[in-house]
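Peer 1: Working from the sequences, and respecting the hints, build out all of it.
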Amino acid sequence: MKRRYCILLLLLLNTSLLFAADIKFTASVSKTEVSTTEQFEITFSVNGNGDRFTPPSFTGFLVASGPNVSTSMTVINGNASSSMEYSYELIAVKPGSYTIGPASIVVNGKQLTTKPIKINVVKGSGQPAQQGQQNAAQQNGMDSRVTMKRPGSDISKSLFIRAALDKSNVYLGEQITLTYKLYTRVALVGSEPDKLPDLNGFYSQDITPKNPNQQVQWTTETYKGVKYNVANMKQTILFPEHAGDVTIDPISMIFVVREADQSADDDDMIGQFFGSYNDVRYKIKSTPVTIHVKPLPQAGKPIGFGGAVGKFNISTSLDKNELKTNEPLNYKIRISGKGNLKLLKPITPSFPADFEKYDPKTIDTIAENENGQSGSRTYTYLLIPRHEGKFTIDPVKFSYFDPSTGRYVSLPTKAYPVKVNKGTSESNVTAYSGADKQDVKMLNKDIRYIKTEDVDVSKKGEGFYDSDLYYSLLAFGPLLFLGALVYGKWYEKNNSDIVKVKSRKAGRIAAKHLASAKAQLSANNSKLFYENVFRGLYGYLSDKLNIAAADLNREKIAAELKTRAIDERLINELLDTLDLCDMARYAPVSGISEQQVFDKAKNMINDIENEV
Amino acid sequence: MTSKMKYNMIRRIIWLLLLVVSPLMALCNDAASALLKKGNDAYAKAKYAEAIATYQKLVDGGYQSAALYFNLGNAYYKTDEIPSALLYYEKARKLSPGDEDIHVNIQLANLKTTDKLDEAPEFFITKWWHAFILGLSLNTLAIISVLLIFAGSVTFILYRFTQSVGVKKAAFYSAILLVFLGVVFVFIAGRQADYFESHRQAIVFSGTVTIKSGPGRASKDLFILHDGTKVDILEHNNEWMKIRLSNGNEGWISATDVKEI
Chain X
1 MKRRYCILLL LLLNTSLLFA ADIKFTASVS KTEVSTTEQF EITFSVNGNG DRFTPPSFTG
61 FLVASGPNVS TSMTVINGNA SSSMEYSYEL IAVKPGSYTI GPASIVVNGK QLTTKPIKIN
121 VVKGSGQPAQ QGQQNAAQQN GMDSRVTMKR PGSDISKSLF IRAALDKSNV YLGEQITLTY
181 KLYTRVALVG SEPDKLPDLN GFYSQDITPK NPNQQVQWTT ETYKGVKYNV ANMKQTILFP
241 EHAGDVTIDP ISMIFVVREA DQSADDDDMI GQFFGSYNDV RYKIKSTPVT IHVKPLPQAG
301 KPIGFGGAVG KFNISTSLDK NELKTNEPLN YKIRISGKGN LKLLKPITPS FPADFEKYDP
361 KTIDTIAENE NGQSGSRTYT YLLIPRHEGK FTIDPVKFSY FDPSTGRYVS LPTKAYPVKV
421 NKGTSESNVT AYSGADKQDV KMLNKDIRYI KTEDVDVSKK GEGFYDSDLY YSLLAFGPLL
481 FLGALVYGKW YEKNNSDIVK VKSRKAGRIA AKHLASAKAQ LSANNSKLFY ENVFRGLYGY
541 LSDKLNIAAA DLNREKIAAE LKTRAIDERL INELLDTLDL CDMARYAPVS GISEQQVFDK
601 AKNMINDIEN EV
Chain G
1 MTSKMKYNMI RRIIWLLLLV VSPLMALCND AASALLKKGN DAYAKAKYAE AIATYQKLVD
61 GGYQSAALYF NLGNAYYKTD EIPSALLYYE KARKLSPGDE DIHVNIQLAN LKTTDKLDEA
121 PEFFITKWWH AFILGLSLNT LAIISVLLIF AGSVTFILYR FTQSVGVKKA AFYSAILLVF
181 LGVVFVFIAG RQADYFESHR QAIVFSGTVT IKSGPGRASK DLFILHDGTK VDILEHNNEW
241 MKIRLSNGNE GWISATDVKE I
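So the sequences go chain by chain: X and G. The UniProt record's numbering applies: residue 1 is where the first sequence begins, and numbers increase by one. The UniProt record's numbering applies: residue 1 is where the second sequence begins, and numbers increase by one.
Just so you know, these hints were derived from the structure itself, not from any lab. Note that the structure is predicted; figures quoted are calculated from it, not measured. Each statement offered as a hint is correct.
Derived DSSO-like pairs (lysine-lysine); straight-line CA-CA distance at most 30 Å:
id	chain 1	residue 1	chain 2	residue 2
1	X	512	X	600
2	X	390	G	112
3	X	31	X	94
4	X	324	G	78
5	X	357	X	342
6	X	357	G	116
7	X	512	X	493
8	X	31	X	123
9	G	45	X	460
10	X	181	X	234
11	X	460	G	242
12	G	38	X	459
13	G	220	X	419
14	X	390	X	361
Incomplete in silico selection of chain G near chain X, CB under 8 Å:
id	residue
15	32
16	58
17	138
Quick list of simulated restraints, FRET-style, between CB atoms:
id	chain 1	residue 1	chain 2	residue 2	range
18	G	57	X	320	40 to 46 Å
19	X	471	G	232	27 to 33 Å
20	X	467	G	198	17 to 23 Å
21	G	57	X	488	52 to 58 Å
22	G	173	X	483	19 to 25 Å
23	X	395	G	232	33 to 39 Å
24	G	80	X	241	53 to 59 Å
25	G	80	X	320	23 to 29 Å
For every residue, glycine included, the Cβ atom is placed at its ideal position computed from N, Cα and C.
Peer 2: And the structure:
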């Protein structure tokens with residue numbers, strides 16, 4: 001329509017053409033980057049009057065129309081200049097990079113050529129681009145040049161939600177950023193959420209916008225060759241919780257779209273201009289996306305791997321190296337980096353078993369942004385050593401899986417020696433569960449007092465038990481008994497004949513009688529002396545010769561001694577001595593001393609003993 | 001006349017026995033006794049460190065007695081050295097197993113130790129048996145057994161030589177009883193000596209000690225013991241001892257961490 005007017009004007013003004021001194025022949029395109037099936041314009045213009053225009057071969061493009069020739073003439077201060085334009089409407093067919101070759105024209109007998117033009121063709125939708133300008137975000141977001149949707153056309157082409165993932169093939173626990181993007185080419189009047197995805201199978205963490213009060217940031221983006229106004233509706237960091245193909249449910253939202261009035265004609269500029277429209281509600285769903293979650297490799301999995309996936313650093317610190325019992329000790333583990341920090345299992349460092357330990361205090365400084373979770377997590381362990389000694393806090397074993405390299409990484413930490421000195425008041429500690437021991441009342445009792453009575457000590461190894469003395473004393477009793485038995489046997493044997501026993505004992509008895517006589521002798525008591533000698537002799541003979549005391553007389557003694565074949569002289573001597581003693585009891589004795597009598601009696605008893 | 005002679009003989013034997021036994025009953029070293037008394041005085045004045053030094057001098061000099069060990073244990077208890085206190089209490093108990101004071105103080109000292117051990121239940125007959133053989137000290141048992149055997153022998157002699165039928169009968173049965181009791185005491189003494197010989201025990205002296213699964217630092221940690229805990233020694237291996245706790249757990253401990261009772 002426009003072009004028809006232009007051609008008419010050109011024909012009207014064609015009559016007089018003036019030449020300009022400086023003649024240029026240029027080629028220009030409406031855009032250098034087009035999507036397939038998109039129309040664009042290429043214009044060759046010359047500021048002079050040329051003929052024999054040769055267009056380049058538009059390989060790779062369809063010529064929709066052209067050449068459309070327009071001439072113009074201007075007269076400035078009497079100088080007339082004219083220009084000519086040859087324009088073509090081209091449609092790109094296949095994506096790729098094309099070069100439109102030079103065109104040539106002859107002006108005043110001179111041939112001029114244009115520079116070749118490069119055109120980049122991208123794959124795009126069938127919709128011709130209506131707008132393509134970068135547009136900075138405006139206060140209310142929308143590009144003002146957004147066309148109003150034409151009724152009847154497919155809404156899904158001009159308004160849709162795309163769930164964009166930064167990666168779709170991940171390891172278990174690796175973080176993924178999920179972004180719901182709203183693509184629109186139509187005017188939106190309002191929106192309300194309909195259904196948010198469940199995100200089953202993920203630990204999810206929404207990224208809070210940096211400036212929550214601000215309204216949606218709009219940007220333009222070319223998607224499939226078509227430019228759209230794009231807004232990030234929602235960003236979430238996902239941590240897959242199990243392996244396999246996990247599908248993220250679609251998000252569903254309701255939008256109110258301003259739609260041109262059905263009755264208005266497509267080409268009716270006035271109808272468009274004055275905007276008779278309807279607001280129509282559309283329910284828009286995103287397409288479900290699938291994430292392929294790989295399990296973590298088993299090979300090389302370190303012992304104590306706690307499921308950390310990402311890229312981390314670990315540092316540990318201890319607030320003191322020497323302390324007293326019952327004083328607190330703080331041990332800090334700081335894990336920093338990027339990854340599933342919030343999902344870290346509490347690290348269980350192996351503290352000396354004797355330390356009292358409490359659950360760690362966890363401090364997170366974790367930020368979520370488009371790149372995922374990053375920051376640090378600090379575990380503070382409170383330890384209380386209850387006993388003195390030298391201890392070592394072993395290094396923490398921390399390992400993570402690095403998805404970028406597909407390997408496990410174990411990070412080393414330091415070991416800390418701790419010296420615990422004896423504290424002052426250990427007994428005041430009530431940390432031991434008191435119920436397990438004995439009654440508390442017992443604690444008030446004191447120990448029994450020392451033993452003061454028994455002050456005997458002995459050298460070690462001088463115990464009575466197991467000593468030689470012990471065994472000999474043990475044996476002493478039985479040996480004594482054995483001795484007694486032997487003695488008894490012998491005694492019985494010797495004492496079985498009364499006569500023998502008596503005769504055996506006679507000499508001893510005589511000696512006893514004579515002993516008392518000797519006592520009288522030394523006392524010079526001659527009367528008693530003789531009596532004792534007399535009795536001794538008689539008693540001895542009575543026993544020896546087994547004569548009853550009643551029968552004891554001189555004759556009997558002499559007869560008995562004779563029967564035992566005793567020397568006659570001895571018998572006579574004995575009888576004389578007996579007579580002498582008998583006499584001496586009544587009258588003093590002369591001619592023999594008492595000592596002689598005593599010796600005589602003793603000798604005689606000895607002699608008889610020897611002979612009988 | 002004969003019975004009179006027998007009486008004389010018995011009297012002579014008793015004198016002889018008294019002569020032999022009485023020095024045993026009072027095997028006392030004057031200087032050592034004086035030291036022990038000095039220690040007791042220091043203890044009475046609550047000078048426990050001094051008492052410990054005095055007692056320890058005796059112990060280092062090779063002297064021993066239940067009272068000495070007991071008093072030393074008390075002094076250590078008062079200075080809060082529970083492992084040492086327990087060590088000497090246990091030594092005292094070995095010399096005088098039936099002493100109630102020692103038992104009570106061991107219990108009190110054990111209240112201050114850290115490790116709580118549930119004693120593995122002993123078979124009641126074993127328990128009675130131990131109570132039976134540990135009722136009296138070894139020396140007491142030895143003296144009693146000597147006296148009983150001797151009395152039995154004398155009664156047998158009496159039985160042999162007495163004329164009266166009644167006395168003879170009574171003497172026979174009592175002699176058999178006395179000798180039997182004497183043999184029983186000898187046996188008990190032997191069992192007790194054997195018990196202490198085979199039940200060697202030790203007290204943990206290190207504040208904390210890790211019990212290993214084998215002799216050597218590289219062995220696995222099994223459990224942790226604290227000072228004052230009594231353990232049974234099962235085996236010696238260079239610097240290591242195999243021990244058993246009263247709850248039945250076994251493991252190896254460095255010999256430097258314990259002191260044998």
